[in-house]
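Colleague: Using the sequences and the accompanying hints, generate a full structural model.
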Amino acid sequence: MKTALITGASAGIGETFAQELALRQMNLVLVARSQDKLQLLAQKLQSQYKIDVEIIVQDLTAPNAAKEVFDKVNQKGVIVDLLVNNAGFGDYGDFAERDGEKQIKIVQLNILALVDLTHYFLPGMRDRHLGGIINMASTAAFQPMPYFTVYAASKAFVLSFSEALWAENRSYNVNILAVCPGPSPTSFFEDAEFPSALAKAAKANATSPEVIVREALEAFKNKHSSVVPGDIKNQVLVNIPRFLPREALINLWKTILGTGIDKN
47 MKTALITGAS
57 AGIGETFAQE
67 LALRQMNLVL
77 VARSQDKLQL
87 LAQKLQSQYK
97 IDVEIIVQDL
107 TAPNAAKEVF
117 DKVNQKGVIV
127 DLLVNNAGFG
137 DYGDFAERDG
147 EKQIKIVQLN
157 ILALVDLTHY
167 FLPGMRDRHL
177 GGIINMASTA
187 AFQPMPYFTV
197 YAASKAFVLS
207 FSEALWAENR
217 SYNVNILAVC
227 PGPSPTSFFE
237 DAEFPSALAK
247 AAKANATSPE
257 VIVREALEAF
267 KNKHSSVVPG
277 DIKNQVLVNI
287 PRFLPREALI
297 NLWKTILGTG
307 IDKN
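Using our numbering, the first residue of the sequence shown is number 47, and each one after it goes up by one.
It is worth saying that the hints were derived from the structure and are not from the lab.
Among the hints, a few may not be true.
[Said to hold, decoys possible] Straight-line Cα separation of at most 27 Å, BS3-like style, residue types lysine-lysine; simulated pairs: (1) 300 with 148; (2) 279 with 269; (3) 246 with 279; (4) 279 with 249; (5) 90 with 118; (6) 249 with 83; (7) 118 with 151.
Modeller: Now the structure itself:
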């Protein structure tokens, strides 16, 4: 039986990945900060699907976090066949006025931890000529987004990084997939401190975590480099940059996202 390691596994899309992969009879290693949530989820999945579930309680923004996860996996004698780099978060507002430490943590989690975990687990997959990595990007990856500045930039990195790795690793039978979902009805917008009106508007056009995960796994099975789950609205979001001049595109998003900014 194969094993998947999922970061940010205690809620939202990460939890849905855990449920869907358990249904497909994969053993799991679940990584998140909340021990209580991980234990509850692990017990539920073990009981329901009769699989092995390990948990690793880890803050991935901490120094050497990826190495600690890798070492703990090796200590457990687990071979990771699928790595799902799902952990991430954002922060809404005028960059110059937001907490600087929080912006650095976004980079640490959305980019550095993802790169570090990929670099630890990828060589073993190449040696075995078997395995793959799913990296969570976003429709935000396709354009700069004023007032959601660091998050959108971090997801642009994830998309570019993943697509390049997809090309590098095809001959090793290791697939790398970037998943680019639009809004999803999770706590993401509240955690990012979006104004309630903007969060409500985004969620009105949301794609469920179940659809995101199922379409991601289908694209992974078909060895695609990236996928935009959901309906036509998400396809429109990622194709807008093809039809607008760059500065017009940036100003469009400034207008959309700037409605929640106090200009005084």
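Colleague: Now look at each hint and say whether the structure bears it out.
Modeller: Hints versus structure:
Pair hint residue 300 plus residue 148 holds up; C-alpha atoms about 21 Å apart against a cutoff of 27 Å. Of the pairs offered as hints, the one joining residue 279 and residue 269 holds, with about 24 Å between alpha carbons and a cut-off of 27 Å not exceeded. Among the hinted pairs, residue 246 with residue 279 is consistent with the structure: their alpha-carbon atoms are about 16 Å apart, no more than 27 Å. Taking the CA atoms of residue 279 and residue 249, the gap is near 12 Å; set against the 27 Å cutoff, the hint holds.
Proposed proximity of residue 90 and residue 118 is supported: the alpha carbons are some 22 Å apart, at most 27 Å. Taking the CA atoms of residue 249 and residue 83, the gap is about 24 Å. The hint holds against a cut of 27 Å. With a C-alpha separation of about 23 Å, the suggested pairing of residue 118 with residue 151 holds against the 27 Å cut-off.
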